[in-house]
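> Top to bottom, those sequences are chains A, B and C.
Residues 1 to 238 in UniProt numbering are what the first sequence spells out, letter by letter.
Residues 1 to 268 in UniProt numbering are what the second sequence spells out, letter by letter.
Residues 1 to 212 in UniProt numbering are what the third sequence spells out, letter by letter.
Don't read these hints as lab results, they were simulated from the structure.
Quantities reported herein were computed from a predicted structural model and do not represent experimental measurements.
Here a beta-carbon is modelled for each residue, glycine too, at the ideal position from N, C-alpha and C.
Please note: incorrect hints may appear among the correct ones.
If we take Cβ atoms under 7 Å as the criterion, some of the chain B residues that face chain A in the derived model are [stated by the list, open to error]: (1) Gly37; (2) Ser166; (3) Leu169; (4) Asp203; (5) Leu204.
When the alpha-carbon atoms are kept at most 20 Å apart in a straight line, the in silico EDC-like pairs for lysine to aspartate or glutamate are as follows [said to hold, decoys possible]: (6) B:Lys240 with A:Asp205; (7) A:Lys237 with B:Asp194; (8) B:Lys235 with A:Glu159; (9) A:Lys237 with A:Glu209; (10) B:Lys46 with B:Asp266; (11) B:Lys235 with A:Asp60; (12) B:Lys66 with A:Asp176; (13) B:Lys217 with A:Glu159.
Computed beta-carbon distance windows for the label pairs [claimed, not checked]: (14) B:Glu101 with A:Arg198: 49 to 59 Å; (15) B:Tyr17 with C:Gly127: 46 to 56 Å; (16) B:Lys219 with C:Arg196: 49 to 59 Å; (17) B:Asp190 with C:Lys20: 20 to 30 Å; (18) B:Asp190 with C:Leu76: 21 to 31 Å; (19) C:Arg196 with B:Ser222: 28 to 38 Å; (20) A:Ala180 with B:Gly27: 46 to 56 Å; (21) A:Phe59 with B:Val257: 30 to 40 Å.
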Amino acid sequence: MNFVPTALEFDTYGQNGQNGGVPTSLYFDPYDNNGGTALGLSGEDYSIVASDTRQSSGFDIYSRCDQKATKLTENSVLALGGFRADGRSLTKRIIQRMEWYRHAHEKEMSFRAISQLLSVTLYSRRFFPYYAFSLLGGLDENGKGVVCSFDSVGSYHDEPSCVVGSGSALMQSFVDNQIAFHNQQVNNEPISLEKAIRIVKDSFDGVAERDIYTGDSLDIFIITRDGVTTEQYPLRKD
Amino acid sequence: METNIIPRKGGFNFDNYKRNLFLEQKGLTLPKVTKTGTTIVGALFKDGVVLGADTRATGGSIVQDKDIIKISYIAPNIYCCGAGTAADTLFTTALISSQLELHRLTTGRQSRFNSAETMLKQLLFRHQGHIGAALILGGYDINGPVLAHIYPHGSSEHHPYITMGSGSLAAVSVLETRWTKNLERQDAIDMVKDAVEAGIFNDLGSGSNVNLVVIEKNKTESLREYSKPTPHHPKNCDYKYKRGTTAILKESIKDLVVVTDGEAMDIS
Amino acid sequence: MPLKPGELDLGTTIIAAEFKDGVVMGADTRATMGSYISTRNANKITQLHEKIHLCRSGSSSDTQAISDIVKYYLQLYSIVNEEPTTLTAAELMRELNYNNKEVLSAAFIVAGWDKHSGGNVYILPLGGTLHKAPFAITGSGSTYIYGYCDSLYRKNMEKEEALNFLKNALALAMSRDGSSGGSIRMAVITEEGVERLYIHNKDIPEYNDLEN
Numbered sequence: 001m002n003f004v005p006t007a008l009e010f011d012t013y014g015q016n017g018q019n020g021g022v023p024t025s026l027y028f029d030p031y032d033n034n035g036g037t038a039l040g041l042s043g044e045d046y047s048i049v050a051s052d053t054r055q056s057s058g059f060d061i062y063s064r065c066d067q068k069a070t071k072l073t074e075n076s077v078l079a080l081g082g083f084r085a086d087g088r089s090l091t092k093r094i095i096q097r098m099e100w101y102r103h104a105h106e107k108e109m110s111f112r113a114i115s116q117l118l119s120v121t122l123y124s125r126r127f128f129p130y131y132a133f134s135l136l137g138g139l140d141e142n143g144k145g146v147v148c149s150f151d152s153v154g155s156y157h158d159e160p161s162c163v164v165g166s167g168s169a170l171m172q173s174f175v176d177n178q179i180a181f182h183n184q185q186v187n188n189e190p191i192s193l194e195k196a197i198r199i200v201k202d203s204f205d206g207v208a209e210r211d212i213y214t215g216d217s218l219d220i221f222i223i224t225r226d227g228v229t230t231e232q233y234p235l236r237k238d
Numbered sequence: 001m002e003t004n005i006i007p008r009k010g011g012f013n014f015d016n017y018k019r020n021l022f023l024e025q026k027g028l029t030l031p032k033v034t035k036t037g038t039t040i041v042g043a044l045f046k047d048g049v050v051l052g053a054d055t056r057a058t059g060g061s062i063v064q065d066k067d068i069i070k071i072s073y074i075a076p077n078i079y080c081c082g083a084g085t086a087a088d089t090l091f092t093t094a095l096i097s098s099q100l101e102l103h104r105l106t107t108g109r110q111s112r113f114n115s116a117e118t119m120l121k122q123l124l125f126r127h128q129g130h131i132g133a134a135l136i137l138g139g140y141d142i143n144g145p146v147l148a149h150i151y152p153h154g155s156s157e158h159h160p161y162i163t164m165g166s167g168s169l170a171a172v173s174v175l176e177t178r179w180t181k182n183l184e185r186q187d188a189i190d191m192v193k194d195a196v197e198a199g200i201f202n203d204l205g206s207g208s209n210v211n212l213v214v215i216e217k218n219k220t221e222s223l224r225e226y227s228k229p230t231p232h233h234p235k236n237c238d239y240k241y242k243r244g245t246t247a248i249l250k251e252s253i254k255d256l257v258v259v260t261d262g263e264a265m266d267i268s
Numbered sequence: 001m002p003l004k005p006g007e008l009d010l011g012t013t014i015i016a017a018e019f020k021d022g023v024v025m026g027a028d029t030r031a032t033m034g035s036y037i038s039t040r041n042a043n044k045i046t047q048l049h050e051k052i053h054l055c056r057s058g059s060s061s062d063t064q065a066i067s068d069i070v071k072y073y074l075q076l077y078s079i080v081n082e083e084p085t086t087l088t089a090a091e092l093m094r095e096l097n098y099n100n101k102e103v104l105s106a107a108f109i110v111a112g113w114d115k116h117s118g119g120n121v122y123i124l125p126l127g128g129t130l131h132k133a134p135f136a137i138t139g140s141g142s143t144y145i146y147g148y149c150d151s152l153y154r155k156n157m158e159k160e161e162a163l164n165f166l167k168n169a170l171a172l173a174m175s176r177d178g179s180s181g182g183s184i185r186m187a188v189i190t191e192e193g194v195e196r197l198y199i200h201n202k203d204i205p206e207y208n209d210l211e212n
């Protein structure tokens, strides 16, 4: 990201003296991409939200322990990819709106209510969007596992398995095959929670091999009727 | 016999230059060359020189190759680390090493470090930076151990320790704190390994393993995968597909040979 | 000619001066790429012949290519003829600088001792001119020390005086110019031969306690 206080400057230094003395217009780019991958899976009575903990830009690592997923309630977890500053401020805003809801109605927001709130919040910035790709995992009002994925301006839909962030193109096809059984004729038994967790770990191991923005460590949030539990798993650090 | 065919003299072929310029105007974007992020390191020690490199090749944010060799052979007593455009480092070092081999066969003498350095820098200067090869050249000849870096525009300098590539900012910190005059062989190897590892861990363009080459008087040792700092996890699941996973949409069997009954084989 | 993208810049302070027995030359040791110091211990004083040296400023690759060619010419010249004079070397440099001025970004100070005219300093700015001068400064850092050098340079200085003059001038330029820095390299060329000196970064005088 390139922060320049004025829009037009006489570039007297000129990188390498290339633009010495020539007026150059410089732009302020408010967005950056901080990498990272988040995966959401849903089963009959559970859902999983997992994300790596690397935060980076260009060829630099900013953090090796940055949590991209946040527990919102006892049955919903929100993970964010894209521009980290927008991801944080969006999470903060959602948490605050949930707090106000609690004070007004004396109860927690349901999973469906949170996903609708997230959608309208994103759309409220239609012409200066949050550069954030959201993934909301949890249990619906019947206790069934649900995962919703959102684009940066609020369009969202349910999916049994979805991936957002820098490694999404690499991971999506793998989980489509292993979780949603795409292109598999036999083998349609529902996946147990234990096996799902193992697939999640393998997915991230694989993506960390090939995507330079994914690595360091994995946070796995497991959402069941008993609440949210977490698990850590180490990834490549190079 | 007269002929209109002009023999090729070597060098680059610019046949497609005008066509590509035309296509670019029509809105075609030319393919991108592989510019790998890299950490390459070299250091002198008491009686030799160590060269080190990571093994990652990237294309955008994707790791293209997890185990490529970035230290190339120039002569039995001279090796070279390359950063920048992968194809350029490959071809410049191959070209110079072949010229030096022929020179050795003519003279019957060991190649001189200075020959390699001068040939490389003159080639790069002739092409005015269009050959994007940033090199660390290390060798041992009658003047003892030598180490130099050569920039794509054709400038070169001799230094006791050098690092280049996108990981050089991480690697240089290790060299600046640890390098001293007359390092022991093992200490120099450890330092170069740690410098490359600093690049591997802190620069996203560098990764995987550390390759080393140690050049001493009459002895060159290549240490492939001297360090593997990123252990591989065993798989948590079994991904063997069950029989019948792939759908059979239609079946057709054609008889391509006619099988005729012959006499039974004698198996007595 | 501005530097090409990614080119190594010797954004430099270089200086040379005549003194009683010959010439003294000096240079900082910093080489930069944009704002990154790619080398903190470069050698910008290059030998052209036994008693002829030059200071390089501008593009690292251009100045090395030119001085390598002139070094080769002088080797041939000294086999066919007598030892080259400093002027011969400087004229050869000028010729290359003039003929290729469209593509070069290189400025030099050529200095040396020969039996015909003793110690001589020549300056070759961008574009292919050649000037003889009792002392010469150039490079990005030189602009800060014109006044200092004009006021303190004297003819026929002793060796130690001349070296102090160089050291102080370089120290002042290096403290103000971001593209100059590191350590100081100096060379003394007299009839007796060449003496090379190195002042480590930590021994460079501060501006308020210059040694005179």
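> Run through the hints listed earlier and report the numbers of any the structure violates, in increasing order.
Hints 3, 8, 10, 11, 12, 13, 15, 16, 17, 18, 20, 21 contradicted; others consistent.
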